[in-house]
Structures are given as C-alpha cells and as structure tokens.
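Peer 1: Here's the letter readout for the chains.
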Amino acid sequence: MKYVGKGLPKLDGIRIATGQPVYTEDLAPANTLVVKILRSPHAFARIKTIDTSQAVALEGVACVLTHQDVPQVRFTLAGQSYPEPSPYDRYILDEIVRYVGDEVAIIAAVDEKTAVRAMNLVKVDYEVFDPVLDFETATEHPSVVHPEADLVCNIDIGLEQEKNIVCSHSNEVGDVEQELSQCDVVVEETYYIQAQAHAMMETYRAVSYLDHAGRLVVTSSTQIPFHVRRQLARALQLPASRIRVIKPRIGGGFGGKQTGSIEVFAALVTLQTGQPAKIILDRRETFTSTTSRHAMRLKVRIGADREGFIRALDIEGLSDTGAYGEHAPTVFWVVGEKTLPLYNKTRAVRYHGQVVYTNKMPAGALRGYGATQGTFALECAVNKLAEKLNLDPAELRLKNLIKEGETALAYHGKRLGSSTLHQCIEKGKELIGWQEKYPRKDMGHNKVRAVGMAVTMQGSGIAGIDTASAEIRLNDDGSYTLLLGSTDMGTGSDTILSQMAAEVLETTLDQIVVYAADTDISPFDPGSYASSTTYVTGMAVLKAAQDIKSKIIQQGAKFLETTVAEVAFDGQLLQAGDKSMTLEKLAELSILGSGKLQLVGHGTHGSDVSPPPYVAGFAEVEVDQETGKTTLLDYVAVVDCGTVINPTLARIQVEGGIVQGIGLALYEDVKYDAKGTLLTNSFMQYKIPCRKDIGNIRVAFEESHEPTGPFGAKSIGEVVINTPAPAIAHAVYNAVGVSVTKLPITPEKVFMGMQNKI
Amino acid sequence: MQIETTINGKKITLEVANDELLSDALRTKGYLSIRQGCDTSCCGLCTVWIDGKPTLSCSTLAFRVKGKQITTIEGVQPQAEEFAQVLVAEGAEQCGFCSPGFIMTVLAMKHELKNPTEQEIIHYLTGNLCRCTGYMGQLRAIKKYLGGA
Amino acid sequence: MFTIEHVLQPETLEEAYQALHANISNTVLGGCAFLRLGSKKIGTAIDLSELKLDYIVEQGKEIKIGAMTTFRTIETHPTFHQLFNGVLPKSVTNIIGVQFRNVVTVGATVYSKYGFSDLLTALLALDTEVELYKGGRLPLEEFLQKSFPKDILTQLFIQKNARKASYQSMRNSLSDYPILTIAVSELNQSWRIVVGARPLRAQLAAQASEALSNSKLTIEDIEQAASLAVEELSFGSNIRGSAEYRKAMCKVLVKRGIMEVLQCK
Numbered sequence: 001m002k003y004v005g006k007g008l009p010k011l012d013g014i015r016i017a018t019g020q021p022v023y024t025e026d027l028a029p030a031n032t033l034v035v036k037i038l039r040s041p042h043a044f045a046r047i048k049t050i051d052t053s054q055a056v057a058l059e060g061v062a063c064v065l066t067h068q069d070v071p072q073v074r075f076t077l078a079g080q081s082y083p084e085p086s087p088y089d090r091y092i093l094d095e096i097v098r099y100v101g102d103e104v105a106i107i108a109a110v111d112e113k114t115a116v117r118a119m120n121l122v123k124v125d126y127e128v129f130d131p132v133l134d135f136e137t138a139t140e141h142p143s144v145v146h147p148e149a150d151l152v153c154n155i156d157i158g159l160e161q162e163k164n165i166v167c168s169h170s171n172e173v174g175d176v177e178q179e180l181s182q183c184d185v186v187v188e189e190t191y192y193i194q195a196q197a198h199a200m201m202e203t204y205r206a207v208s209y210l211d212h213a214g215r216l217v218v219t220s221s222t223q224i225p226f227h228v229r230r231q232l233a234r235a236l237q238l239p240a241s242r243i244r245v246i247k248p249r250i251g252g253g254f255g256g257k258q259t260g261s262i263e264v265f266a267a268l269v270t271l272q273t274g275q276p277a278k279i280i281l282d283r284r285e286t287f288t289s290t291t292s293r294h295a296m297r298l299k300v301r302i303g304a305d306r307e308g309f310i311r312a313l314d315i316e317g318l319s320d321t322g323a324y325g326e327h328a329p330t331v332f333w334v335v336g337e338k339t340l341p342l343y344n345k346t347r348a349v350r351y352h353g354q355v356v357y358t359n360k361m362p363a364g365a366l367r368g369y370g371a372t373q374g375t376f377a378l379e380c381a382v383n384k385l386a387e388k389l390n391l392d393p394a395e396l397r398l399k400n401l402i403k404e405g406e407t408a409l410a411y412h413g414k415r416l417g418s419s420t421l422h423q424c425i426e427k428g429k430e431l432i433g434w435q436e437k438y439p440r441k442d443m444g445h446n447k448v449r450a451v452g453m454a455v456t457m458q459g460s461g462i463a464g465i466d467t468a469s470a471e472i473r474l475n476d477d478g479s480y481t482l483l484l485g486s487t488d489m490g491t492g493s494d495t496i497l498s499q500m501a502a503e504v505l506e507t508t509l510d511q512i513v514v515y516a517a518d519t520d521i522s523p524f525d526p527g528s529y530a531s532s533t534t535y536v537t538g539m540a541v542l543k544a545a546q547d548i549k550s551k552i553i554q555q556g557a558k559f560l561e562t563t564v565a566e567v568a569f570d571g572q573l574l575q576a577g578d579k580s581m582t583l584e585k586l587a588e589l590s591i592l593g594s595g596k597l598q599l600v601g602h603g604t605h606g607s608d609v610s611p612p613p614y615v616a617g618f619a620e621v622e623v624d625q626e627t628g629k630t631t632l633l634d635y636v637a638v639v640d641c642g643t644v645i646n647p648t649l650a651r652i653q654v655e656g657g658i659v660q661g662i663g664l665a666l667y668e669d670v671k672y673d674a675k676g677t678l679l680t681n682s683f684m685q686y687k688i689p690c691r692k693d694i695g696n697i698r699v700a701f702e703e704s705h706e707p708t709g710p711f712g713a714k715s716i717g718e719v720v721i722n723t724p725a726p727a728i729a730h731a732v733y734n735a736v737g738v739s740v741t742k743l744p745i746t747p748e749k750v751f752m753g754m755q756n757k758i
Numbered sequence: 001m002q003i004e005t006t007i008n009g010k011k012i013t014l015e016v017a018n019d020e021l022l023s024d025a026l027r028t029k030g031y032l033s034i035r036q037g038c039d040t041s042c043c044g045l046c047t048v049w050i051d052g053k054p055t056l057s058c059s060t061l062a063f064r065v066k067g068k069q070i071t072t073i074e075g076v077q078p079q080a081e082e083f084a085q086v087l088v089a090e091g092a093e094q095c096g097f098c099s100p101g102f103i104m105t106v107l108a109m110k111h112e113l114k115n116p117t118e119q120e121i122i123h124y125l126t127g128n129l130c131r132c133t134g135y136m137g138q139l140r141a142i143k144k145y146l147g148g149a
Numbered sequence: 001m002f003t004i005e006h007v008l009q010p011e012t013l014e015e016a017y018q019a020l021h022a023n024i025s026n027t028v029l030g031g032c033a034f035l036r037l038g039s040k041k042i043g044t045a046i047d048l049s050e051l052k053l054d055y056i057v058e059q060g061k062e063i064k065i066g067a068m069t070t071f072r073t074i075e076t077h078p079t080f081h082q083l084f085n086g087v088l089p090k091s092v093t094n095i096i097g098v099q100f101r102n103v104v105t106v107g108a109t110v111y112s113k114y115g116f117s118d119l120l121t122a123l124l125a126l127d128t129e130v131e132l133y134k135g136g137r138l139p140l141e142e143f144l145q146k147s148f149p150k151d152i153l154t155q156l157f158i159q160k161n162a163r164k165a166s167y168q169s170m171r172n173s174l175s176d177y178p179i180l181t182i183a184v185s186e187l188n189q190s191w192r193i194v195v196g197a198r199p200l201r202a203q204l205a206a207q208a209s210e211a212l213s214n215s216k217l218t219i220e221d222i223e224q225a226a227s228l229a230v231e232e233l234s235f236g237s238n239i240r241g242s243a244e245y246r247k248a249m250c251k252v253l254v255k256r257g258i259m260e261v262l263q264c265k
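Residue numbers (this note's numbering), protein chains in the order written: chain A, 1 to 758; chain B, 1 to 149; chain C, 1 to 265.
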C-alpha cells in the first residue's frame, strides 16, 4: 500500500507548530464582547436574591444574565448521539447551585477588566444547604442534589433522585456467587480511582456571532460540533437550522471537549445583545468548573481453580458524577463492557452498582471512559490472584485471555474478530526483560527495582450508535475535497483519513483538500470520541472514496464511449483500449463542459461491533525504601490496534496516552477542602507529569487485521491510557510489598504502607 | 503608559497599562503565537525571549520590557520552521498549542548549550509542559535536530 | 486579578524607599512570577530595574548577590558551582523551568520568606547576611525570625569560606514545589542543619546542629542529630504531604545530607 501504513507528517503540522493564528481565540472578530462567569462559592445553595443593577450600570457592560433570563428547559452537555443516555438535569443558569464553581451569572463587557469589575458588583444572597461531598455516603445523605420535578431521562437509567442515584446498573451472566463459592482461590479488593483532569493545553473557549443571515455561528474548541449544535438548539430553544458550529484547530481535548461546557454562555450573550462574544476559561475554571474523569470505587472479586483458570469475576462499582450527570451512565457501563470479556475462561461474570450525584464538579468523558477505572481494578486484582496462585502473572494472563475467534460470556456468542494480545504480552516480556527482572532486584543503598504488568482492551466506536458520514468531491482541476465532520484535536485524524482516501483513489496527498469540521458544510459525524474516528469515520471515508472512484469510472466510460467494465483507472489516467483521458480532463469536462455532473462520493458508516484494541503494558520502577518515592525507569507498551494506518502518529498517540496514564498512576492527586472547594485547581497544585517524571517509554505494535475496520484498522486513542496505573502499582508492590489501592501512588502512601507492614 | 521596545528586531512604541502583562500586550499587538496554558507561571506556553533569554511573558509586566529586545516565534520563522520540520516528522507537534513556547525554548537552548546531553536537554525543557505527546517524540526530534544542525 | 495604579522606576534607593512608605498599598516588585496568583491592589508598583541590582560579585572574603539577580543566574554562575559543593545551584535547579528561573529574583524570594523556598533553605545553611536599605546588614537567620518595618532588600552577602554543604529535597513530580527541603553544611566541625518547606519556612535546627558539631560523627550520632531535628522543629500538613510524612522524611534527608557532606572533598 502506498499511503496506508506510512508515517506521514500531519497536514497542519508546520503551520500549527510555528505559531500561526488558527485556533479559536485567534479567529475572534474585532470588538468581541468578553464573557465572564460569576461562580458559586458554595457547594450547595439556593440563590435567594441576585442584584445585578450596579453591574449593569457600569460603563462597557453589555449584559448581565441570571437564572431569570434563561429558558426553563433542562438539557445535558454530554456530547452523545440523540437520544442521549445522560439525564437532562441542567439549565443554562439555575436558581440552585450545586458545586463550588457552578454558574451563577453571565457577564459580558467590552473588555476583560470591565467584565471582572462588573462581576464583582453582582450581589448574591444565598441560602446555603448541607452539601453531599462524600460519594460513598451520598445515597444516605439527607440532602438531595437534584430535587427538581422536570429532570428528564431519555431512557431508563435507574435514576432515583431522592437517594442521589443517577444510575443503577447490573449485568450478570451465569451465577457469580455460586461460581465464586466453588473456586479454589478467591481474591477480593477495593480500588479507588481519582477524578483525573484532562489538562489539555488549550483551555475551553468559544466565540459566537450572528452571520449575514442572522444565524448564530459558534466557533468552538470542541470535539463535537454536531452535538453542540443540538445542545444549543434545545438549551436556547432555537431551530438547529439557525445554528452553525465551526471547529477550527484545537489545542487538545482528551474527552473534555466532548462535553459542551462553555458554548451556550457565549451564544446566549450573542442572542441577547446581537454582538460577537467570546468566552475563554482560565486554567482555574478549567480545573474547577468543567468536567473530570469519574472518580470511582470498584470492588473486585475474582476466583480461579487450582489449575489457574479464572472462573468467576464480580465487579461492584460506585461512581461519582458530581453535580450533573454528563456521561454518568455510559462511563459506568463501559467499566464492565471493557473488563468482563477479557478473561473468557469464566463461568460467570457480573458488573453492577450505582452512579451518584454529589456537590462537586461534574464528571464527564475522559480518555478511557470507564475502561481506565475498570482496568486499574481488574488488573490489580489479577496480579493479586497470580501471587495467590503462585503463578507468573504473565502466564496467568496468557492462559486466561480471550483469543481471536473466541467468544466470552459478555459477548453472548459473538466472536472476537481480531486480537494479537497474546503476542503483545510475549513481545512486551521480551522488551522489558521480564525473565531477568521479575519480580525484583535489590540495588543496594535502599533502592529496589521491580517490574509489573497489566493488559487492557477498549472499543472502536460505539456499536450500533456511532454513525459517521464522509463526502469526497472531484473538483474542476482534478483534485479532491474530502469533507469530514470528525474533529482532529491534534491527533492527526484529518491526515490519516486523507491517507485512506488517497490509498483508494490512487492519488497523492497533495491532491486532497481535507476540510473539517463545520456543521454547515461537513456531513454528519458524532465527533471524535469513543475511539471512533479511524474506525468509524475511516470506513465512511473508504466508502466515499470507493463511491467516487466508481463514479469517475462511470463518467469515464461515457466520455470514452465504452462500458464501465472496459475502463481502467490508475488514479491519473482513464483508459479503455487505445482511448484514454486524464482525470483532470474528466473533471474539467464534467464540471465545466459537456458532462454536466459534479462527481461526489458519499459514505456513511456505522458498525454493529466495537472491536477492541489491546495493550500489554510493562513497567520497571525503582523505589526508594527510605522515602517511598517511586521512579519510573522504563515503560513498554505493545499495542494491537489492527492495521497501523500511520505508524508515526500512532506511536505518539501511545506515548502520549502512556504519559497521561503515568500521571494518573503517580502524580495527579485531586484534593477538596471540607467545604467542597477543589484545592488542586492549577498546574501548580495538580501535577501533570513533566519531562523528568516519565523515564523511558518504548512502544511496539503487533498488528492484527480487523475484518470490520478500514484496511484492517481498529482504534488507538483511548486504550493507551489504561495500563500504566495497574502496571506501576504492580511494580511498586513487587518492589516493596505495598499494595496501593487508592490512586495516585504517592511517596507518602508507599512509605506509610511500608511502615504499617513492619 | 508608552514604552519604547524592540520586537523581533523592530523598534516599536507600545501603549501598555500599568498592570498589563507582556503576553497580553503581545497578543493585542497581533503576535498571536503567544499562548497561555496556566495562571500560575508553570506551563511554559507563553515563552518568548527577552534579551535572548527564554522568559515567561505571562509573568512579565509589559512596562518592564522598556528598552529590551523581545523575540517571539514570529521573529525567528526560518529557524522555527527548520526545527518544526524535524518535530513534525516525529509527529510530536500534535495539537500544536504548546509548540511556539516549546520551540522558542529549544532554540534558546541551542544558543545557550553546546552539545547538551540528553539529561541537559530534558532539564532545559522541563518548564515546557505538553499533554499530548508524552515528551518522547519531542526528545527524538531535538536530538535529530541538534545532531544534524 | 491584581491591579497596579501607578508605576515608579526610581533612580535611587532612597526614592524607592520613600515611595514604599508613601502609601500602605505601595509595593516593591520582584520577579512578579506570583503576582497573578493573588488579587493584590497595588497603589504604586516600585520597579527596581533601573538600580542595577542584578549582579553577583566576589569582594574579598564575601560574595554579594544583588536583589534583582535571577535564579537562573544563581544556577549557572561558575562561582557557585565551585563553592559549597554547588549547594546554591542545586537548590534552585528543580524549580519549575528555565523560563521561570529567568524571571524570579533572589531579593523577592528572601524578602517574602516563602515557606516552600528551596533557595532560603540553602542560604540559611551558609554564612548569609541580608542587607536592608534602612535596616542595614543582619544575619539571614535573624531576618527570617523577626519581623521588620517595610524595607527594601538590596543584596545578600555570603561568606566565601570552605563550608561543605549538601542540598536535599523531597518532591514527587520533579518540577513540583517541594514536600520538604534540607540543607546541611559543615565548617571547621561546626555543622548547620536547616529544614524548609515543613511547610513552614526554612529554619535552623539549632539543637541538632550543635549536637552533631559536638559529636564524633558516628552513624549513631548522625541518626541522633536527624532525630533531634525532627523533635525541635514543627511540621505541618498541606496538600503535598502530612506532618507525619514530613517528619519521617526530615530524618531521612538530614541523614543523607550529613552523609553527603562527610563525603565532600
């Protein structure tokens, strides 16, 4: 293949790297109003009175909006295909504020200084309630976070408002209790995963204005332009046809921008004032007033027979969705979906539990989307089981993991289309030096080195739901325009989708203009999330390319006055016997001349399956026995993402995901004070890994061929974040015998663990 | 107040507020490569050179650059692009939002350090955060760039 | 959001000093790296840039460091790599990043007496004095312990002697602010043990220092000194660590510091 499998540079690489003005803020029109949000200082309160008179009177203030000025229609900001499983549980502004940082008033002024000054002049009198801050006792708490009668669920998710339960779930195949009782060895442990922050470098931002036809245009740093359009339509009570959403270059997303955290505020100001408006959250607001990963408690019970076959798996979950239910049910379901099928020698599996509302910042989508939480709990438990069985943890996995062509209880008979996970483990063992290094080596001077491992699966798109379209036009000069609704957020998806089109069309990349994403122009795409773009949109591109290719041949047959079967097309030239025509000529004649038909190829694709990519992750750490400090020396990730479309960009995806996983494992602590104020609200207090914190990272691919994917491809975006936490926890345990079950694995926890052992 | 300063080699008179930060002043003036990733002086996105030294423009009061030489990535496009070619070949620009500050620090390092070791490179760039790449590809790019430059 | 009403770039220290005392909201600017963290309303911001306080000079038996000297200058200055086993560069080298260290100044850090300061910890283990424009010259330790009327810190003096020193810090992420900082030094069998980021500001562990100075430096003596430091100083909790963990680390790092000094040439 000429383009698929090549490590080509990103189409936008040079321009974005050298600082060109192509991001949301750079594109704001002149004289744009600056939007600021007055936020709640209380975790749970009712606004008794709000006086905006002084603020409005200030020169330069365009408007100050409160809960009295917004439509009384509840909606969700979760970027999901309609009907969203997330509850419609918020207004643009509500009389009740549900967390510290919740929106109280929207202020728009000519500049930032004036807006801030006006914000300080808004007087609010609150009736403060007792907040629900501990998610483990939320169901018994006397306070009800969402008492409102107009909360709407599109589907039954097991909501019980009085108990602060947003979602209840149970999925059992076989009889778990009975199987566990028959197991020779059972391990049980409870794990906690913190509310990780996305920490993309470009904070949330959107610019809105009215166009020449009076339609609302919102340029936003978003992963989900079509979902944002629908959200705005509902929240603002406008027809979607009156709204256009444009996604320019965006500075990272990681799932954060799969929630429409900000667009509605700028849009409302523009509708109220008729003026352009921009909202740019600062880093503190990004930490305190958007979304995070769902913090969870996962209790795992896993049982095996004496031969080392895992026979029963039970995971009981409790998830903290915070003040609003964005992605609450789906993230929770994914915990089970991406763990139960892994070990398929089981006779019974179960995943069950609840998601609760609390008075903290809402959780949302974050790379991994529940699989990260599930992987940490399951893989820690599997490592514990291996120890109890006195088996090498790699051997235990090789013996129990699902293989290509097999099924699992949770698959209900469906067979796995592709997997090289077993090869990934073998390769990873070799790269990390498992045989020599497992489990530990004393280095003297109180330093111990050890290795640990974990495996994981994710999905590729959402089966039966994600449906993406792509269009390819043949232009009058013989070049193509590829129109997409997917949202390259730095990953390079525009580039790899062009590679796929070029492969089919046998053309060069410079002959393809790729455009994404703009709801006025792009064909529908849910957006880039759920590891869907390569797999789902990729297949749509493949279909669109095949479609236009066949249309080119048909048109060629007409011009060459022959049958389609006689025409050969090599990407540049159409030939039938001794007659030929260049593509350029065909394009010219079709569009400008006698052909009278601009050729457009369409592709729409959705998949009934969500084929899992896999990673086998191996960590080597050095632990200082006197301080508890863990230094990550080496991380090996061996990946099965099906066919690798672009090895350079795939490798970076893996490395970036691993480092984000290392952050979750070792550094990214989330702390609230007693009143529910987030303390870890800046890069000063919330530490994402820096260059010195990560050791060496090595990546290898073990390609499989996924029959349902474009050129055999699956996904890679999310699966790569899942293994570091359990693999590093395992390595730390192997080093010093301390099992840290509450992330992150800080020196203090390891040190205290060692003290308690003595 | 009005201050005389030099931006990318050109003498310029800037009208700045007393409490205006250099990062904001530069963006207002049209240097849109200036990005801010934090409010706590610790992400490195806003890095420019003041008299040749990589400096946080978000933590520098604009009036203080009176009489100094400011360099933004707009002023060193040929060198920036030369390195960007190597960076992009590694796929290590990713979202690109932190790239201008990062590249300005890499170029400053090249001026300041002779044949830096891997440790010295990592140390010099520790103040530049990146959430996309995991840093490894950036390191590969720098090594190639320094090796070939 | 901080605000600045007026700006003054005085040409003499006296002018700066007068301005500082003209109004309670008037403030001397340092590197300004932390200005944005607060919402200070500054009347007149006094910028010392014109006073040429950015220098490191060796004069006789002492080194003078001007208040406007940046951390990066400390980190890269050849003199400090030769003296005190490089304890000063070592203390500042892990702070955030190069572009941050090119901004923050020695004077502002010392005058502000930041609890988390790595540099203060190291300076306190050396023979350091501060000079205040009105208050004159006084030992750093005295400056840190007492409160003084508003003044302008102009420079530091460090005795150029054969003091051997070690700097240790405990950080989780390596570019984070420290959980605990330790500096240990020795000159003519007289030891100084300093502990900072407790999270209270750096302080000399006087009893531990004296006990160590009077000991035979056996491993038991060293451990005893480390334990004494833990006992005599107070430790608190913040988001980076608990008092209990800090105490434990104090013991470990003091011991490591002493051992390192003993191995210094």
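None of these hints come from the bench; they were simulated from the model.
As the structure is a computational prediction, the values presented were derived from the model and not from experiment.
One or more of the hints may lead you astray.
[To be verified] Dumping the calculated BS3-like pairs for lysine-lysine here, alpha-carbon to alpha-carbon at most 27 Å:
| hint | chain 1 | residue 1 | chain 2 | residue 2 |
| --- | --- | --- | --- | --- |
| 1 | A | K749 | A | K163 |
| 2 | A | K447 | C | K164 |
| 3 | A | K427 | A | K384 |
| 4 | B | K29 | C | K41 |
| 5 | A | K437 | A | K675 |
| 6 | A | K749 | C | K164 |
| 7 | C | K64 | B | K68 |
[Said to hold, decoys possible] Pairwise CB distance ranges (calculated):
| hint | chain 1 | residue 1 | chain 2 | residue 2 | range |
| --- | --- | --- | --- | --- | --- |
| 8 | A | S241 | B | E118 | 54 to 62 Å |
| 9 | C | S39 | A | K388 | 29 to 37 Å |
| 10 | B | E15 | C | I239 | 40 to 48 Å |
| 11 | A | D442 | C | E223 | 56 to 64 Å |
| 12 | B | E15 | A | K585 | 38 to 46 Å |
| 13 | C | E244 | A | I155 | 46 to 54 Å |
| 14 | C | E223 | A | K163 | 48 to 56 Å |
| 15 | B | H111 | C | G86 | 43 to 51 Å |
| 16 | B | L113 | A | I155 | 55 to 63 Å |
| 17 | B | L113 | A | D130 | 51 to 59 Å |
| 18 | A | L597 | B | G9 | 50 to 58 Å |
By construction, the Cβ of each residue, glycine as well, lies at the ideal position given by its N, Cα and C atoms.
Peer 1: Each hint: holds or not?
Peer 2: Hints and how they fare:
no.: 1; hint: A:K749 <-> A:K163; result: violated, 33 Å
no.: 2; hint: A:K447 <-> C:K164; result: holds, 26 Å
no.: 3; hint: A:K427 <-> A:K384; result: holds, 23 Å
no.: 4; hint: B:K29 <-> C:K41; result: holds, 26 Å
no.: 5; hint: A:K437 <-> A:K675; result: violated, 47 Å
no.: 6; hint: A:K749 <-> C:K164; result: violated, 34 Å
no.: 7; hint: C:K64 <-> B:K68; result: holds, 25 Å
no.: 8; hint: A:S241 <-> B:E118: 54 to 62 Å; result: holds, 56 Å
no.: 9; hint: C:S39 <-> A:K388: 29 to 37 Å; result: violated, 56 Å
no.: 10; hint: B:E15 <-> C:I239: 40 to 48 Å; result: holds, 41 Å
no.: 11; hint: A:D442 <-> C:E223: 56 to 64 Å; result: violated, 22 Å
no.: 12; hint: B:E15 <-> A:K585: 38 to 46 Å; result: violated, 58 Å
no.: 13; hint: C:E244 <-> A:I155: 46 to 54 Å; result: holds, 49 Å
no.: 14; hint: C:E223 <-> A:K163: 48 to 56 Å; result: holds, 55 Å
no.: 15; hint: B:H111 <-> C:G86: 43 to 51 Å; result: violated, 24 Å
no.: 16; hint: B:L113 <-> A:I155: 55 to 63 Å; result: holds, 59 Å
no.: 17; hint: B:L113 <-> A:D130: 51 to 59 Å; result: holds, 57 Å
no.: 18; hint: A:L597 <-> B:G9: 50 to 58 Å; result: holds, 54 Å
Consistency with the previously given hints fails for numbers 1, 5, 6, 9, 11, 12 and 15, ordered from lowest to highest.
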